[in-house]
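Undergrad: Take a look at the letters that make up each chain.
There are 2 protein chains.
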Amino acid sequence: MSIQGIDPRTGSPVGDAVPATDPQPLLAAAADAFGAFKTTTPGVRAELLTLLADRLDAAAATLVPLAMAESGLPEARLTGELARTSAQLRLFASVVTEGAYLEAILEDADPTATPPRPVLARMLEPIGPVLVYAASNFPFAFSVLGGDTASALAAGAPVLVKAHGSHPGLSRAVASLAARAVADAGLPAGVFGIVFGDDEGVTALKDPRVKAAGFTGSTKGGRFLFDVASARPDPIPFFGELGSINPTVVTPAALAARADDIVTGFVGSFTLGTGQFCTKPGLLFLPAGHGLGPALTAAVAATPPAPLLNARIGDQLASGLAELAARDGVTVLATAADAPAEGSWASAQLFTTTAPALAEDPSLTDEHFGPAALIVEYRDEDDLFAALATVEGSLTATVHGEAGDPFPVARLLSVLADRAGRIIWNGWPTGVAVSHAMSHGGPWPSTTNASHTSVGTTSIRRWLRPVTFQSVPDALLPPALQAANPWHLPRRE
Amino acid sequence: MSIQGIDPRTGSPVGDAVPATDPQPLLAAAADAFGAFKTTTPGVRAELLTLLADRLDAAAATLVPLAMAESGLPEARLTGELARTSAQLRLFASVVTEGAYLEAILEDADPTATPPRPVLARMLEPIGPVLVYAASNFPFAFSVLGGDTASALAAGAPVLVKAHGSHPGLSRAVASLAARAVADAGLPAGVFGIVFGDDEGVTALKDPRVKAAGFTGSTKGGRFLFDVASARPDPIPFFGELGSINPTVVTPAALAARADDIVTGFVGSFTLGTGQFCTKPGLLFLPAGHGLGPALTAAVAATPPAPLLNARIGDQLASGLAELAARDGVTVLATAADAPAEGSWASAQLFTTTAPALAEDPSLTDEHFGPAALIVEYRDEDDLFAALATVEGSLTATVHGEAGDPFPVARLLSVLADRAGRIIWNGWPTGVAVSHAMSHGGPWPSTTNASHTSVGTTSIRRWLRPVTFQSVPDALLPPALQAANPWHLPRRE
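Residue numbers (the numbering used here), protein chains in the order written: chain A, 1 to 493; chain B, 1 to 493.
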């Protein structure tokens, strides 16, 4: 079995096929490397992350064209995404150096407590080797050296990446760069590995040496792998970031104040990256009688066809939208110009329905990965809240409102906060900053685990587990917990 | 179906049988209460926790005798456990008031970042209604108002307790006290509920209104429920604290220095509470030729028989120990006097084997819930480390060593820290302090989720999920994130 990259713009092969990998030697190497890697100093780990960032930046001129050929994404987007990916690695270098992520807590003995308390020192330790499933839609930022890998390496966990079949040549090139950086940092080779092949990925996920997994992709694929991880004799945490419909609500006041901006922003957001963002606004709730039909139709018509990431996404989009168009109460509002016949291209499409129709048919809230969205017209608050109650968990939820809005926006934000990991006011969800306060997660089916984020510095918590040392002499404690605080960590003492 | 309490000291029924509960109205009430409870101020939530503690303390004179009759545990132990349970509720009141658990992070906009960053404010929000499975072995501290309930209420999550069938009368009395406290605090009744009946508990676990579950009990029972939670159409996190063998290693130097203390401490620890602690030291690694046989035999013989919690535990212990005694390389070292025939009593038993025998037969590390343990004799470091490599995840691991110990104790602690959530130096694992730095968790099979603790203040993290507010006007933010910081929280800004 081997994996062949295809240019979705033409349907032609890109480079040579990459053979599938036997995961066994890589699993053994990762397990062997864990002991050494988990005890590295913050300085060594930060140096590795910085080196990976530098090497990625230095290779942009070869990597970006390869990514363009295998993903069909445009140069400017990929150049920006590579910069975001190296910035993310550097951000995690700063997280390691600062050390608050270790959540160190030191407590004195208290013989008067119920029950009595001995001297305790607690910190987070890396969980063990981590398997990272790369995504197709961000060939840099959610792939080989993306957020899951950066956060796991920062935590001190060796990483085995399962390459995405959509960009095998790029994955091999980035992995080769990463392996050299690991060697140049003087670390064991098992700190980073890459596996090609879907079956080989499942074999790795079942292996007892793998202690946690991260995934970004479809709900169907993520659910399959979550079930594999949960059914192991020794189940492991599986952090899957799956599909998301990202409901967006426009209040009557916002519509009255900013109709043109809303049309432009919405069509720009749902067609960005050919609509292949997890955070694409798939549902736009508009007051009934909104009158935006002509402007939306014009904006969609003006959106040029664009390539999708691969043929499978194209097939699923076409069949999903055909089903959607055939649903009771759903109308096609706007369709862009026909896409080229060769390769895998898509034209933007916009559908419309009503809040009561949505409340009656939950399948209308299914995600369609590509440049498509559904307008949902609501008559009043009751209509809107009844429809929102049927919308499943999402990565984001957005409200467009006005200062002093007479609509119950506070209630709206509270309802949406139970259903999404990020609440956006007067913006569009497709941009995801990489920072301390970012959350990229949400209730099922947007993730397999709503307790964590997969973007931002707190995503490191996924790869850590607490360990408490009781009455252990100072010299035998990990440096992070020693009285002299040699790593100058912020600690609770 | 109804649940009948049995006095394990006599086998006689205690009080009336408690009927099984229809969980549907309780699930509806919990879901309805969530919106109001999650938005309570820290003051209101702390008041509820304090009120629950006060009422529990005030009812000790009726609750402790009921607990004695249904559990067979002695008065002093149960009186102390009740005090620990009310102290735990008060500790969580202080956690809520302090507010660091919300992990609030505020970030300004940074248009120069890659990608650009809008104004972000992140905090942890309660996950939704939580189902708590009570344990039999701590009728107060890990039952109706135990650590899982206290931490979930502190988080702002309504709690539905699945009562343990071993103490139904006590569970009903504590639940009734809790329901009155909830009403007296002016909170909706759905904030706290209790379900009796195993099938009814499974029905509740499958219900989409339940968003997470906590469990303390056997590996078999916990695995069954973990599989139910993971197989839901919308899988939920299941935090199970299961079985644990708690390996304890004595170095040659410690043996030479403190043989008598080690014998006394070990036998006291593995027979405490009739050996029914999750943290019982089930494996004691001693240098070969340790010469402790006579002292251990005498200490075991001097341990009086004691009641087990219920007949099922007695049956499982008897069959498990019969199998253990029949294994190749295992010898019975010591047995205490015969237990009474009526009720469910157990006598302490101690077995012995060698490190190579343990390494060859992993079933020797299976937990036997009751006053039984296995001595493992090792010849040298290689012998010991090879055997430890076969020991599965535990809640605790203990080392008895000396200052300047020539044994590689640092390596030993590091190896054990990968296998347990708490590492103890020169102590015994059966005491578990309730504090900020405590961890009570560990790799499979000691828990279903090594990323969290079920004891101590950080256990609240299990019931929380991150939510980020992007560009949301100050007045529409939750109070925890408003610029004026009305709750005076520690925040990262």
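FYI, nobody ran anything at the bench for these hints, they're computed from the structure.
Just so we're clear, the structure is a prediction, and the values are computed from it rather than from any experiment.
It is possible that part of the hints are untrue.
One copy or any two copies: either way a pair holds, since identical chains are not told apart in the list.
To be verified - Derived lysine to aspartate or glutamate pairs resembling EDC-like cross-links, with alpha carbons at most 20 Å apart:
#: 1; residue 1: Lys-220; residue 2: Asp-54
#: 2; residue 1: Lys-206; residue 2: Asp-234
#: 3; residue 1: Lys-220; residue 2: Glu-392
#: 4; residue 1: Lys-206; residue 2: Asp-261
#: 5; residue 1: Lys-206; residue 2: Asp-227
#: 6; residue 1: Lys-220; residue 2: Asp-234
Undergrad: Taking the hints in turn, state whether each one holds.
TA: Results for each hint:
1. Taking CA atoms no more than 20 Å apart as the test, Lys-220 paired with Asp-54 passes in neither setting, with 36 Å inside one copy and 49 Å between copies.
2. In this assembly of identical chains, Lys-206 and Asp-234 lie within 20 Å of each other by CA distance solely inside one copy; the values are 9 Å within and 22 Å between copies.
3. In the homo-oligomer, the alpha carbons of Lys-220 and Glu-392 lie at most 20 Å apart inside one protomer (15 Å), although the nearest pairing across protomers, at 32 Å, exceeds that limit.
4. When the C-alpha separation of Lys-206 and Asp-261 is checked against a cutoff of 20 Å, the pair qualifies neither within a copy, at 49 Å, nor between copies, at 44 Å.
5. For the identical chains of this complex, Lys-206 and Asp-227 are neighbours both inside a copy (11 Å) and across copies (16 Å), given an alpha-carbon limit of 20 Å.
6. Proximity of Lys-220 to Asp-234 under the C-alpha cut-off of 20 Å is restricted to the inter-copy arrangement: shortest distance 13 Å between copies versus 23 Å within a copy.
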